[in-house]
Each structure stands twice: as C-alpha cells, then as structure tokens.
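K.L.:
Residue numbers (my numbering), protein chains in the order written: chain H, 2 to 399; chain E, 2 to 399.
It is worth saying that the hints were derived from the structure and are not from the lab. Here a beta-carbon is modelled for each residue, glycine too, at the ideal position from N, C-alpha and C. Accuracy of the hints is not assured; some may be wrong.
[Unchecked claim] Calculated lysine-lysine pairs in the DSSO-like style (CA-CA distance at most 27 Å, straight line):
1) Lys-206/E x Lys-322/E
2) Lys-317/H x Lys-188/H
3) Lys-200/E x Lys-188/E
4) Lys-206/E x Lys-136/H
5) Lys-188/H x Lys-322/H
6) Lys-152/E x Lys-136/E
7) Lys-152/H x Lys-136/E
8) Lys-188/E x Lys-286/E
9) Lys-170/E x Lys-136/E
10) Lys-188/E x Lys-136/E
11) Lys-328/E x Lys-316/E
12) Lys-316/E x Lys-200/E
13) Lys-171/E x Lys-152/H
14) Lys-152/E x Lys-34/H
15) Lys-136/H x Lys-136/E
[Said to hold, decoys possible] The following label-pair restraints were derived from C-beta to C-beta distances:
16) Ala-263/H x Ile-132/E: 28 to 38 Å
17) Lys-175/H x Gly-154/E: 57 to 67 Å
18) Gly-154/E x Lys-170/H: 48 to 58 Å
19) Lys-286/E x Ala-263/H: 30 to 40 Å
20) Arg-279/E x Glu-242/H: 20 to 30 Å
21) Tyr-153/H x Leu-167/E: 29 to 39 Å
2 protein chains.
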Amino acid sequence: MYDGYLSLLGVVFVRGIAIVGCGMTRFGQLEDKSLTDLMVESSLMAISDANASESDFDAVYVGNMFSGEFNRMTGIASVLVDRLNLLPAAADKIENGPASGGSAIKEGFQAIASGVSNLVLVVGVEKMTSIPNPKVSSSVATLTHPTAEYKYGVTLPSLGGLLAQLYLKKYNVKRELLSLVAVKNHKNGAHNPYAHFQKEITLEKALASPVIADPLRLFDVCPVSDGAASLVLCAADKAKEYTDTPIYIKGFGQATDIQMVAEREDPTVLEALREAARKAYSMAKLEPQDIDFAELHDAFTILEIVQSEDVGFFKKGEGAKAVEEGKTWLDGELPINPSGGLKARGHPLGATGVAQAVEITWQLRGEAGKRQVPGCETGLSVNFGGFGNNIVVHIFQR
Amino acid sequence: MYDGYLSLLGVVFVRGIAIVGCGMTRFGQLEDKSLTDLMVESSLMAISDANASESDFDAVYVGNMFSGEFNRMTGIASVLVDRLNLLPAAADKIENGPASGGSAIKEGFQAIASGVSNLVLVVGVEKMTSIPNPKVSSSVATLTHPTAEYKYGVTLPSLGGLLAQLYLKKYNVKRELLSLVAVKNHKNGAHNPYAHFQKEITLEKALASPVIADPLRLFDVCPVSDGAASLVLCAADKAKEYTDTPIYIKGFGQATDIQMVAEREDPTVLEALREAARKAYSMAKLEPQDIDFAELHDAFTILEIVQSEDVGFFKKGEGAKAVEEGKTWLDGELPINPSGGLKARGHPLGATGVAQAVEITWQLRGEAGKRQVPGCETGLSVNFGGFGNNIVVHIFQR
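Looking at chain H on its own, in the form it has when it is part of the complex:
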C-alpha cells in the first residue's frame, strides 16, 4: 500500500502521485492516422479509463522528438488540448531524445507534487514510418555529440554495434545471447495486442538475419514505428475519486553522462543509468531486489543486457547469463520486457517512455492477459535518451 508522502533532498513532497488512467494505440506502421489522431486516440482511452472529465485537467505534457522535422507541426501539446477540449489546461512538449516520454512523465509528476496541478495528462507520440528511411536515420543521429560524433557520420546502430563488440569481448559473452534477447521479447510481444510485431521468431532466424552494424543483426535492432501512449496522473490522495486500482509512481530518477561515447571511462557502463536508478530507489525507499519486473529500453538487444546490470538487477557482465538461464523470461524470476520491449512492441521514439508506464500499469493491475507477470507488485522502467547520456528511471507500485 501507498504510505502517503515521498521525500528527496531532505524535503518532503507535498503529495505523492498516482496513475489513474492509461491508454495507447497499437504501435506499427499506421499509415491512415496523423500525429494528432495518434495523440487523440491514446488520450481518449486514458481519459475514459480514468473516468475524468475534460474540465478536470490542469496540464498536459507531450513527449515527442520530431513533430517539427517529420510532421511539420510545433506546439503539438496546444494542438492536443484544443482537439480534446481540455482548454484552458497548460500544455507543453518535452524533448529528451528517445527518453522524451520518460521526461514527460517526470514533468507531470513535478507539476502535481509541487501543488501547481491536480490532474495531468501525459502523452508520448511519434509518427515516423511515413518518412523515408535515410531521413529517419540521419535525424535520429542528431542526438549524438554535435561536433565529435554527428559531424563524422555516426549513427545510432553504429554506436550500438561498437558497444556490443566491446561488451562481448570484455565479458567473454557469446554473440548468440544477443539474439536470445530478441527471441524472448518477440515471444512476449506475440501476446501483446498493442505490439508492432506480434509473432515469435526462432534463434536460427535471428542469427541468420542480415548484419546491420557488426555484431548487431536485423533482429537485434528495434523497428521504426508510429504510435502514442497516454497516462492520467493525479495526487495520490485523490486517486480513489477516479479509479479503484490506482498505481503509484513511487520514485523516479534522471541523470546525464558524458555525451561522447568514446570519452567515457568505460563505455560498457551506463553511469547515467546507475545514477538515475540510485535516485529512483532512494525516492521510493526500495532496492533492486524489490523489483518484480521491468520494462527496459532495448533499442538494441545489447542495451537490454547492459541496462539489466547497471539498474542493479545483475552483476556487471552477468546480464547475458540471466537471459540464457531464463531469469528474464516471462516465467523467470525477474521478467524483462513482458510487453515485447522496443524490439517487438516497437519504438515510436517519444511514445516509448509512456508506453513502458502503460504496460507496467496494466501489469500491476493484473490486466496484461497472456503476458501477465503473476502476482507482481512493483515494476521499473528505463527510458534511454541520447546514446545513454540522459536516462530516466521510474518505479511503480500497486
């Protein structure tokens, strides 16, 4: 049970925060839906789920990266409040690369915890499959170091490949274990009606897929997807006005690291994640062993393994072994990415952090159907911005 108040920095928060409604579109190639359509669809689902009325909302946060570049729209939070008639609610877009959704949840948390807002809608959205792929890849690359990486043509998959090479060698890990992450996440995604890919793959198929950035192959890399996800947040002490099954945000942490990957002392260690997790555990008064399951940011299979270590679940170098031993599978002791993760659910950049929270909410309510983690009480999300230099962690509890 939720015990009322949270604290950090020696300051007791005015009040805790609860999720009282959530919704998402199916992720995938959604050709007939505009960016606005996506935001509206997931938000109406969340507002209805919360039994909230339009006039109750004080603020709206939209996590998104590329509305300007890909959809020729700015001020998209203003578009949403207009379309949903949430006027005169405050409205802002939050951009933190692929962690824009996680950052948007954080801003919603702070809006309520500060006492400024009572009821907040948080949305993550990206509409990108209609954009020619060279433009998608080169736009995503703009989140790398502007003068030390981007200008030399670094892409995200290339950084992922370098990280995988370094990791496999340093910790003496078999390359096959990367593909096993994809097999696991596709197996989970097959049970998720909101996933971009809803079918299982075999290890043989993953191992035989084309090389993208050695040693990463096609099935080690998440797809480009369209989609949106929404949450309704309110003060914990008012949550029962909206739902019988509030899910509490017990803590969060956000931290940054040296942007240029080659400048980091050990690029196989995600220092930003370690610090963000430390803050989140501290705020929640919980430890890694209290977490029942997690949604990690597996934009590349190697990232799930590395994150599962730096968030405190496994010793450094032992994340891959946990996959091999079945620990992180749906029936294991610590399921990771029951939703299918970015690999199978898909990765509409700004939507991902919010979709992670939606999945965790469904899991904690026991509404996750065939992919339900039995009896779970506490879930954690890792949303990965930049190439690991800006990471947001949230801890949720029923």
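The hints should help you fit chain E onto chain H, whose structure is shown.
P.N.:
Just chain E now, with coordinates in the frame of chain H:
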C-alpha cells in the same frame, strides 16, 4: 519582502522560488556563434552571477523551438550539461512555440517547488538568422492550426495583420498608434546593450516603412534574431547562499485557448492571457495595479496593445490610448518593455521568455542602467505561444 510560501489549488507549496543568477548574450545576427556557443555564453554568465558551482545543479531546462529543423541538433539540454560539466544533472528541452522560454521557467519552478531539485539552470535559445528566410517563415507557421490554418498557407504576420485590422476598426483606434509602440520600444532598446537594434526610430520612418501584412508595416514586426538567456533558480529559503539580491518568482500562470483564430468568439480578446494572468495574480496574491512595469510579447506592435489590456492593465480598447498618453513609456506610470521588447531587443523564439525574466531581474535589482524603471518592486512578463493560444505569465518581486 518574500513571505515564505506560495499556495494554489488549496495546496501549500513546499517552498518558494528565487532567481539568484542571470545572463544573456547580445541578441542579433550572431554568425560566428553556434547554438551551443549561445547556450554556454548566457549560462556561464548566469552561473557566475549566482556564484554557483557546477556540482550544485540538479536540473537543466532549455526552452527552444527549432534546434532540430534549423541546427540539426536534438537533446540540446544534454549537450549543454555535457559542455558545462553540470553532469549528472537532469536535462530536458521544453517546446511551447515562442513561449518555450516561459514554459521552461515554469518547469524549473515546479522542479524546485516539488522538492525534487534544489538548484536549476533555465535557458532559452534560438539560432535562426543563418536559415534562409522562406524556411524560417514556413517553419514558424507550423505552430498554427495544422488542418485549418497551416495547410492554407497562413503565416504569423498574416494573422497579426488580421488582428490589427479587426482591433483598429472595433475600437476606433488610429493606425499611427501601432507605430508609436515601435518608436517607444526602439527608444528603450537604444539603452539596452543586449538589444538587437540599439537605435531610435522616428514615427515618420515607421509609418513610411514597407507594408508586411496590412496594416502592419516593417517596423510593426519583430526581427529574426539569434540569442540565448539563462537563469539560475533555487528554493527561496536558500537564495541568500548565492546572492544578496534574490528576485522572487511570486506567481505564474499558463493557459490555452482555441487554436484556430477564426473560431474564437472575439479574436481581439486573448482569453488564454486573461486566464494565465488570473492564475498568476492569484498565486502571487497581487493585482494588476500592483505591477510596476512589464515585459510583453510584442512580436507585432498590435500584440503589445492587446496584451496590455487582457493582462489587466487597461480597459479593453484603451491600450493604444495608454501608449499615446505616455503611460507605457519608460517615464510613464507603467513602463512596458523597458528592454526594447521583441521589437528592438529581438526575438530568438525560445530565448524570449527567459530574456524577459532576465530583464525584469536586472530592473528589480536596479541594474538596468539608462533604461532603469526607477524604484520598481514588482514586474510581470507575458510570453505568447502559438498565435495567442498558449500563454505564460510570470510575476517577479524583489
């Protein structure tokens, strides 16, 4: 003096917020400085002004519209913390059209008021003069209603022209008074070493300038500028650790309105401003007559007049008369835009809201030199997003 705590929605905030450092670049055509250079320059000035050390910062917010479209950079808040070595501070970009800076200040306020952060750097920045003008105009137009305005080729000056036509006719106001706003703001800007334009203009010159969108002429329209502005915010009870002259954010309000201008019942009334101002006055426990001077968002001269009414300074239809009677000039009873405003200081979109707060801080400290408003104690800013459909008001006091 600051009385400790603020309240809203019946909830007492954990703590109030103070500005303990500020800085800005000169605004203008800054060809030899990158977007990063601009952020770094204003931020180092603010950090030095606050006598803060890098390791003190918990969070960074950057207000910006077009880093992706114009500068091929995303995650620019992460870039800044890396360059300034504020690691591992949390970092996010906030986009709310031309009110991105105002929204960034609000997020900084909430980060501290919630108890999550102690010391926050807020930055506004835009680098746009190097972009060919057709791209600037068409990009700015992406903040209009996507299917009811943007797709038909609406631009911001065209909406400004229509508003001016409607206003002049409805309230029987002489067109010359629009130009008088420009004359006043150029006169103020001539004393501002950070202004894009530091020279006075004559009424005759303004009236003879080329028509941009009838009845708006060249001197009724703000320039395209590069620039950045930064603030250091902290909890009010810790402000004296950083400065002897803290300036307090006594209140703020943000509100949205119907996006499509033609759908509003009376387009000469800025309902979003009325609501945002109501919230800000309520939080600050102040009224319009308590405000000594204001920085309004005069992207077009007509906007200063309309805002001066809807923020509560003058009756509807009498804002222009106040300019004619000298009330809003530097030596008048309620000076508006002592900085020179957007018209003369310039308008690097995301930077403007933060620059308004920097000017007000300097004024309240008595550091504004030849443009000082004598003996001022309370200042107000209006930052205008979209075409008036998302407005942020802040009230500051020494």
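K.L.:
Hints first: check each against the structure and report whether it holds.
P.N.:
Consistency of the hints with the structure:
| no. | hint | verdict |
| --- | --- | --- |
| 1 | Lys-206/E x Lys-322/E | holds (21 Å) |
| 2 | Lys-317/H x Lys-188/H | holds (26 Å) |
| 3 | Lys-200/E x Lys-188/E | holds (7 Å) |
| 4 | Lys-206/E x Lys-136/H | violated (46 Å) |
| 5 | Lys-188/H x Lys-322/H | holds (19 Å) |
| 6 | Lys-152/E x Lys-136/E | holds (15 Å) |
| 7 | Lys-152/H x Lys-136/E | holds (22 Å) |
| 8 | Lys-188/E x Lys-286/E | violated (33 Å) |
| 9 | Lys-170/E x Lys-136/E | violated (33 Å) |
| 10 | Lys-188/E x Lys-136/E | violated (31 Å) |
| 11 | Lys-328/E x Lys-316/E | holds (14 Å) |
| 12 | Lys-316/E x Lys-200/E | violated (31 Å) |
| 13 | Lys-171/E x Lys-152/H | violated (54 Å) |
| 14 | Lys-152/E x Lys-34/H | holds (17 Å) |
| 15 | Lys-136/H x Lys-136/E | holds (18 Å) |
| 16 | Ala-263/H x Ile-132/E: 28 to 38 Å | holds (31 Å) |
| 17 | Lys-175/H x Gly-154/E: 57 to 67 Å | holds (58 Å) |
| 18 | Gly-154/E x Lys-170/H: 48 to 58 Å | holds (57 Å) |
| 19 | Lys-286/E x Ala-263/H: 30 to 40 Å | violated (53 Å) |
| 20 | Arg-279/E x Glu-242/H: 20 to 30 Å | holds (25 Å) |
| 21 | Tyr-153/H x Leu-167/E: 29 to 39 Å | violated (53 Å) |
This entry does not satisfy hints 4, 8, 9, 10, 12, 13, 19 and 21, going by the numbered hints stated previously.
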